[in-house]
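Respectively, the protein sequence lines represent chains A and B. With the numbering used here, letter number 109 in the first sequence gets 109, and the count goes up by one each step, no holes. With the numbering used here, letter number 102 in the second sequence gets 102, and the count goes up by one each step, no holes.
In short, the hints are calculated from the structure, not lab data. One or more hints might be untrue.
Under the rule of at most 25 angstroms between Cα atoms (straight-line distance), these lysine to any residue pairs were calculated in the SDA-like manner [stated by the list, open to error]: (1) B/K85 <-> B/H49; (2) B/K221 <-> B/T132; (3) B/K221 <-> A/W84; (4) B/K233 <-> A/A107; (5) B/K148 <-> A/A107; (6) B/K148 <-> A/M110; (7) A/K99 <-> B/I154.
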Amino acid sequence: MSGQYHRPHGWAWFLERPGYVRFMVREFTSFFVAGYLIVFLVTLGRLGGGEAAFAEWLGAVSGPGWMAAHVIALVAAAWHSITWFAAVPQAMPIYLGEKRLPAPLAAVVMGYGPWLTVTAVIVWWVLR
Amino acid sequence: MTMSAQQTMTIEVFRYHPETDDEPRFQAYEVPYDEDWVVLDALNWIKDHVDGSLTHRWSCRMGVCGSCGMMVNGDPKLTCAAFLKDYYPRPIKVEPLVNFPVERDLVVSLDGFMEKLEAVKPYIIRDDVNDTSGGEYLQSPAELAQYKQYSMCINCMLCYAACPVAGHEDEFLGPAALALGHRYNKDSRDQGQSERLDVMLVGEAIWGCTFVGECTVVCPKHVDPAGAIQQAKAVGAQEYFKRFVAPKGAGV
């Protein structure tokens, strides 16, 4: 139908609502996760290259800049995980008969619980 | 407690009359402030006492019909549930829902939404719909719980106004239509999931959703369209692989 007014969409749509900004931050953290995984894969490759190659690599990534990058990647990965654990109860509801498991409990059962368990196992394995 | 009738507040209203306006404009009105009033009361007062040409939709005035959704200070709201006292004394800016073409003033075109809603076949589909010999189709409370939340949608379209994907991707069916499609797919009496997935799995129809989640934030009936869409995606992914292994019509 003619005469309708179509409002333009600005390129900065992601600034229009706080929820959009939170969404973009959540998505942006995945770049840091991906970046860290690349570093981790290179680390594994150097480990396969022998003790000397691995020690040289560790020395190369132990500078202040690399340490800062690791801290940033850790914070980004933690935030990414937290936001997805918050979303899990919406995407994968658990029903006990006609009752739906409350979201915070579902997040623990499907997110934080397994996360902390796996982390504890890794820590135990490394420190044993 | 009702405030003095002398108190007023400013309502800035989006105006657009296609027969005279090339571009929309904002018109400010001083309306009586009453803490029991909602934005819809103020708009009705303007139409009744100041400017009869102001055009807006409304009906039930109690959050059931879904007609009076508008942008109130940038947020999609049912204007029958947006109280003036939550904004007073600051001015309130009222606009038509974003992500829809504007017909006139605060009225948007429903055509695109209705087409998308119709596409997901939001009704129970059965092969034996005319066979009543077995009596009613029984359903347990547990089966009802699977979809009841998603059946609360009143088609107010606030979720479309909150969804950035709905504003940028025409192929995307949008939160309400997808939530209602999922609602019927989860209904134990229904046999139409395959027909709906034929529509929902095409292109960006459902996959356009990036789980921004603002549809759920603004939903006045707590439907959680974002959750419904993610669940429907999971069903769709399973269906995709089933169809990959055993395509429809292959006689498997």
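Verification of the hints:
| no. | hint | result |
| --- | --- | --- |
| 1 | B/K85 <-> B/H49 | holds (21 angstroms) |
| 2 | B/K221 <-> B/T132 | violated (33 angstroms) |
| 3 | B/K221 <-> A/W84 | holds (24 angstroms) |
| 4 | B/K233 <-> A/A107 | holds (20 angstroms) |
| 5 | B/K148 <-> A/A107 | holds (22 angstroms) |
| 6 | B/K148 <-> A/M110 | holds (23 angstroms) |
| 7 | A/K99 <-> B/I154 | holds (24 angstroms) |
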